[in-house]
Structure formats: structure tokens, C-alpha cells
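Use these hints to put chain A onto chain D, whose structure you have.
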Amino acid sequence: MSYRRKQIVIAYALLLPAIIYFTIFFFGPIAVELWASFYSGQPMVGESSFIGLGNYTRALSDALVHRSLSATMIYSFGSTILTICFALLFAAVLAGPTKANNTVRAILFFPYIVSFVIGGLMWRAILDPFTGILNAALISLNLPTQSWLADPDAAIWVLVFVSSWKDIGYATLIYIAAIQGIPGHLYDAARVDGARPTDQMRDITLPLLMPTTLFLAVTLGISSLQELALPYLMTGGGPANSTRLYSLHVYETAFQDLNLGYSSALSFLMFLFILLVTFLQFRLLHRDIRHV
Amino acid sequence: MTYFRKAGTLALILGTTAGTSTLAETLTVYFNAGHAYHTYLEVIEQFEADNPGWEVALERYQWPDMRTKLVADFAGGTTPDLVAEPGGWVTEFAEQGHLTPLGDFIEQDSDYGFPEDWQDSSVAKNTLDGEIYAVQIHLTCATLLYNVDMLSEAGFDGPPTNWEEFREVAIATTGGGKYGFAPNPSIAYYFPWLYQNGADWYDADAHEMTFGSDAAMEAIQFVGDLIHKDRAAPPPIQGADYEGPQKLFTAGRAAMIITGPWDVRPIKEGNPDLNWAVAPSLTHKEQRTMQGGVSLMIPAEAEHPEMAWELTKRLTAVDVEVATALQYGMTMPRKSWLENEEIANDPILSAFGSCLPYSQGTTTEISRSGAPVSQLETIYLGAIDEVVYGGAQAADVMPAAEDEANQLLSQ
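Line by line, the protein sequences give chains D and A.
Numbering that gives the first Met the number 0 puts the first residue of the first sequence at 0, with every later residue one more than the last.
Numbering that gives the first Met the number 0 puts the first residue of the second sequence at 0, with every later residue one more than the last.
For the record, the hints were derived by calculation from the structure and aren't laboratory data.
Predicted model only: the values in this text are computed from it and were never measured.
Misleading hints may appear alongside valid ones.
What the hints assert, rightly or not - In silico contact screen, one side only, chain D against chain A (beta carbon under 10 Å); selected entries:
hint : residue
1    : Gln41
2    : Met43
3    : Thr130
4    : Ala154
5    : Ala194
6    : Asp198
7    : Gly235
8    : Pro238
9    : Tyr250
10   : Asp256
11   : Leu257
C-beta atoms are modelled at their ideal positions from N, C-alpha and C, and glycine is treated no differently.
Isolated chain D (complex conformation) (with noise of 0.2 Å):
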């Protein structure tokens, strides 16, 4: 045997638990999934019958599926935009060698860490419209108080901003990290140059994360897009079902309605429309970025 033969015979050696691994708990499922997207009812569990794409079909007709869907869209978009504006800003200030930024860096990834129950269990508490502090201060400041979760148009924007609250620490540190990655003589030619502050950050740090930019919009859009803890903790989908999103429709069709196969269809319909989106920020968001 040649060495190159040999090397390759012990790379896949060594790669089999893993392709092992994920072929049981993650390739297989998908494809279990996948074949019994095409049935109706219940495959594996109880009556069931081929009915080729029409799970696919119905879904496309779907008022629940659209309406989840569009909540799903502006929860998305709205918690990877506004995390990534304010982590963003945070890195900017925190990145520099300014007095207690650790300590405040601390505080900003405090809530990354906090189990997502915990933290959705808080915020309802918080924002209750009779025992939260929320409203507690606006009293105390003799101003209206607020049925936070109560308005249908507002509800969604609350879930958004406590995405957020959660992540954007997260998505601090790593601008921070790469913000001071960024090459110093960068900043020295451009001050030379008689660049201001505003000018630099647009001309030299903005561009230059981009790379970050993409991954972090890939990487927080595909949670967000899976998003079922925080509405079915804080708002159960309500009211008006506008904080019910894809994810937690999908659950309550497989497991309060049993409908296996029609469930099947439905992830499988945002297995793709997460690859859709993924491949968009990719071509909106990539630059190649070469440091001069």
C-alpha cells in the first residue's frame, strides 16, 4: 500500500465514528423525514397512505402556513438586523482600550448565557401589564401603562427585541475580536490622509468585517428562522396568532394534530427556504477582502 493510499485509508478511519454519528442522528433522520413527507397522515405511527406531493401542495395553499411564515419573516429579519446594528455600535465603543469595558462586556454576554426559558420566563414577568416592573416605572414616571403583549401589531416586535437583548452580546464579541484583527497601519495611513473618525469606520472597519457580518447574519438568520422557544414560552402564538411562527406551527401539526406526514412536508419546505435565504446573504454579503 502507498503512503498515500495509507494516509487516506486512516484519515476515514479516523473520520468514521463521526460519519457514523451523523448518518443515525442526522442523515437518516432527514431522510426518514423526507420519505415520510410524502404520506398523509401518520408514517411509522398509524394510518398512512402515498400521496406523493401533496403535503407539498397543500402547504403552498395554506393560511396558517402563510400567516406563520410571515411572522417568521419579520421576527427573522428584525432580530439579525437589529442585533447585529446594536453589537455592531457596542463593539465599536467596547473595542478600544476604554476604562470597565470588561466589566460591561460581561454584562452584554450575561444573557447569551441565560437558558432561553429563563430568560422568556423574565421578560414575561417583567412585562406583565400588572405585576411587571415595566410598567411599575412607567407609572412612576405618570405615564400610560402598556399591555405589552396584548396588541396583536406590537406583540411581535416584543419577541423580536428580547431575540436581541439575548444575542447581541454574542454578536459583540465576536465584532470586537475582529474589529481588533483589523490592521493598525490601516488606520495610521487613513488619519494621514485627514480621515475623520465616521470616515474611517466606513471606509476601512465597515468593509473590512463584512466577512463577520456574513456569518453572523447566517449564522443568528438560521436560529431565528427556527425560532419556537421564546413565542411558545411567552406568548403561546397569540394574539391574533402573530407571534406564531413556522416552527412552532410545525410542532402543534405533529404533535397536537398528529399529522406526521403533512409536518414532514412543512420542514422540509423551510429546510429550503433557510438554504434559500443562506444563499442570498451569501450573495448580497460576500466580499473578498484582501488586506493591502
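Chain A in isolation, oriented as in the chain D frame:
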């Protein structure tokens, strides 16, 4: 050689011990996390003492998690022996062949008192095509709870008995950061209004949704008007649970709520000094309310159905029902429980108990049809929310939602 002999003897002893421990049989029971009362734990302890070699693995879940687990169990063919369910699951799972029919067990245990000692509606809802698939362990209904002091201060000697009086009391007791009525966001709590107005959300004979009928819309509009027109109620507090109104009531910030016996204990513990009482359900066109409760069912693939039945009998014995009710405020399905002297002398339990005969399950009929209940509820609750949160007129949103639901039903 001696060393090997000793090692062999040790291995034999260990093997024998291990063999003995694997002889123990386990009865797996899925139970609601909030219902693992001490009275039931004592029954289980006694069950294990009376059946040496048996142990009960009581797995506690919240209802949605339990359903998710159970569906996965059915798929995998490894089911528990006994499952508590919150209503609606029995006929649904029985229809799919996942449950053990209980006819043979009931026949061989005629002194158990089932079904003649159970409220008729609790037996009917666990029956499919003449075969019984579950035994009710809790039977509940929602009715009116009122703050005696708040009503008294507003000049009312007793609770309202109909919708007009209810509205009058709600308006009169509202003010100073307090509300006359605190509605609940959960869909089940809208059914008493529907029923009392002679409406329902589903017509089993025609197999169609009927929540767009005039009577159904009038009922939802009544609740919407209490919030937006009379300002006598806040919009329901959103959330995954249904404790909001109870918390307001316990804090003395709501004069009236509609709820069931599950809120008795939190109210008593949350505010022992609160002067409150339970009233019969309101009457509009008729006096009716929604029914809830829990049943015990044995999966078709249960490993130990006989022992599961034995435990079921013990958990639903009348003395256990009485002890559980007195300690936890839960209401029970046995007629002899309602007739028990201690229960009759308890003003709260007897008041809830008096509502049981005119209560009815909200999803019993539609679950039998195999309809996607959850999605239909989503459509219906979405329309209700438009009225109670958005201030829309029921007549503007309900008919379209009904059409959407019927379209889904026809699929």
C-alpha cells in the same frame, strides 16, 4: 487456583444478585407534573408494598411534553403501562388502535363501581363505538369565582346569575386599578359563553364548524364588549399558561374570574385572607359550562395491562378521591364522591361539584371525527383574539374564520 476459585464464587454471587434485581418488574406511568399529589403517591407506595417485586416508575410531564413523548412512544412501540390524559386524547388514540379496550377488566371487577358510579358524561367521552377506553380520575368544570368583599362594597349581596347581572357587577366593581372581570386567553375559557348562549363551535351531525353562527358571535362579542366598550375587563394576559386571571383574583385586583378547581389551591395559598366564593355557572339562554378533567388509559402495547388496571382501580377509589379533593381542592367523577358528607359540607367543592352535571367537554365530539383540532382551535382563537385584543366586531371576523376552518375540515 484458589484465586480463580474465589473469583468464580464472587462472580456467581454477583451474577445471582444481579439476576435477582432484574426480576423486579416496573410499571411505567405517565402523569401530569401538577397532579402528583401525596394521596396518589401513598396509593403507589401501598401498591408496591402489596405487590412485592413491582415498582412504579412515575414519570411526570406537562401535557404538551407528555403528548410529544407519547406519540414518539407509539412510533417506537415502547409505550408506558398507564397514561393520564387531559381530555380529547382517548377517542383520538383509540380510533388509531393505540389503546386497550377496558371491557374485560370492567366485567371482571363488577364491585369496582364502574361505570355506574361515574358521572355519565365522563363515561361517554371515554367511549368509542360502544367500547370504553379510559377511566376518569378527575372531573372538573369552570364556573364563576367572585370576591365577596369587592361585590359587597359595590352594593351586591350575592353573585350574578345571568349575563346582564354579570355585566352590571363587572362595571360596578371596576376602578382604582381593579377590574370587574379578568378573562383568560386560553380557548377553553370562551366555551362557557358559547354554551350559555346555546351555541357550539362544531356540529357533529353536519361535521362542520359553527362558531360563525349568530349565537356564537354574540357570545364572543359579549366578552369583547366587556373589554373595549365597558372597560370592565383587561385584555387577557398572553402566555403559555392560564394563570393570569387567578393571579389578579388572588391579589384582589379582579372581582370575578371563570375558572375550575385547579385554581382553588393557588388562591388559598396565595392569599389566605381573601374573602371569596364559588357561584353556579351563569345562565343566559341556558345554564351550561365547559368540562375538563383527566382520564387514565392503558396503551395497546402496554407490557403490564393487568397491573395498570389494578393501579387504576386504586387511584380512583372513592376514599382516595375524597382525600385528594379535601387536600387539593380537585373535583372528582364518582357520584358517590359528590354524595360524600365531607364533600357536601365543603362549600367550594360542593359548589364546583354542582356544576358537573350541566358541564360538557369542548373537544369530545370533534376529536372523534379525526379533525385537526389544534389547527381548528388556532383559527378560531385567532378570530377571538381579533375581537378581545384588537377590538374587532365578531361579525366582521368570525364568518371568514369559520369558512377557513370548514375548508380545513373538508380536507
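Original post:
Can you list which hints this structure breaks, lowest number first?
Top reply: Violated hints (numbers, rising): 5, 6; every other hint is consistent with the structure.
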